[in-house]
Amino acid sequence: MAAIEKDATFAGRSGYDTWVFGILKYKILDIMRYQKRQGHLQPLDEEGDDEVIDRQFRKNGRWEAHSRPANWGDPDAVVESQHFWRVFDACMIALPENAARVFSLRELMGLSTEEICRLLEIRENNCWVILHRARLRLRQCIEKGWLEGETS
Amino acid sequence: MMMCKEATRLMSLKHERELTLQERVSLRFHLSMCGACRQCDRQFSLLGEAARQYGPDHEADQHESGQEDDGR
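Protein chains in written order, with numbering that gives the first Met the number 0: chain A, 0 to 151; chain B, 0 to 71.
Hint data in this document are derived by calculation from the structure and do not stem from the laboratory.
Incorrect hints may appear among the rest.
[To be verified] If you want a taste of the chain A side facing chain B, the calculated C-beta under 10 Å gives, among others:
id, residue
1, 52
2, 60
3, 82
4, 112
Just so you know, even glycine gets a beta-carbon here, dropped at the ideal spot from N, CA and C.
Same shape as in the complex, but just chain B:
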């Protein structure tokens, strides 16, 4: 049976390409039994979401709140 480390590989991979049917089934089965991996799966998605906001929105928020940003 698939363990957590391998499950995180598939959780990451699904952001790059469509998983095969077998990969999807084994990941879903693992996630149905493993709470820690369900959290990890959500976190990976959030990381992508955060990175996409990191550019424009993040900068805009900082400007609006009056902080000077000399780093980027």
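Isolated chain A (complex conformation):
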């Protein structure tokens, strides 16, 4: 991070950031592999029922009234909103550890589910279930925190 602060003269700033982030990504993966070898990385639970998700749907599989996804508006405007990022931050932190780990590897770091399975030693199907639930949790959390914050 100090490198980014100091090098204000670097022309392609976002290119530079992406480059630094690319290096960090491989560092993080190295650490995770190391932790796994050392046995420090908790194995992922086999996913059972998930109450938080089940509460979003009725028994017949339709959305519960309180969980029906709302319109977030123009995606470009959303990612420009500082308030959105505060809520996104809080919701990422609120995710269960396994969901946060798999979602970050997939969407933040761009690993394929096949790579994630190899790294975490889980079945691909399990990975898909975790990602589905992570997205449903995230979208609900963001909608609650974000839209309520906008109107208050």
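We have chain A already, so just place chain B on it with the hints.
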């Protein structure tokens, strides 16, 4: 017929692998009739987009706006 919960499974899955023809058809059919799921589908895509920006761009924005970020 496919219900919303199952539709969200396919909406999520399409970010990981290509859906089969049958999966695509049933998802498209469901989305054509269900406004809430159309929103959910957009939100899932936005979550991915946001996560990709979360790293470099998000940090850069915070630095530019003069906020100190000691968390990460």
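These are the hints, each one checked on the structure:
no.	hint	in the structure
1	52	8 Å, holds
2	60	3 Å, holds
3	82	13 Å, violated
4	112	5 Å, holds
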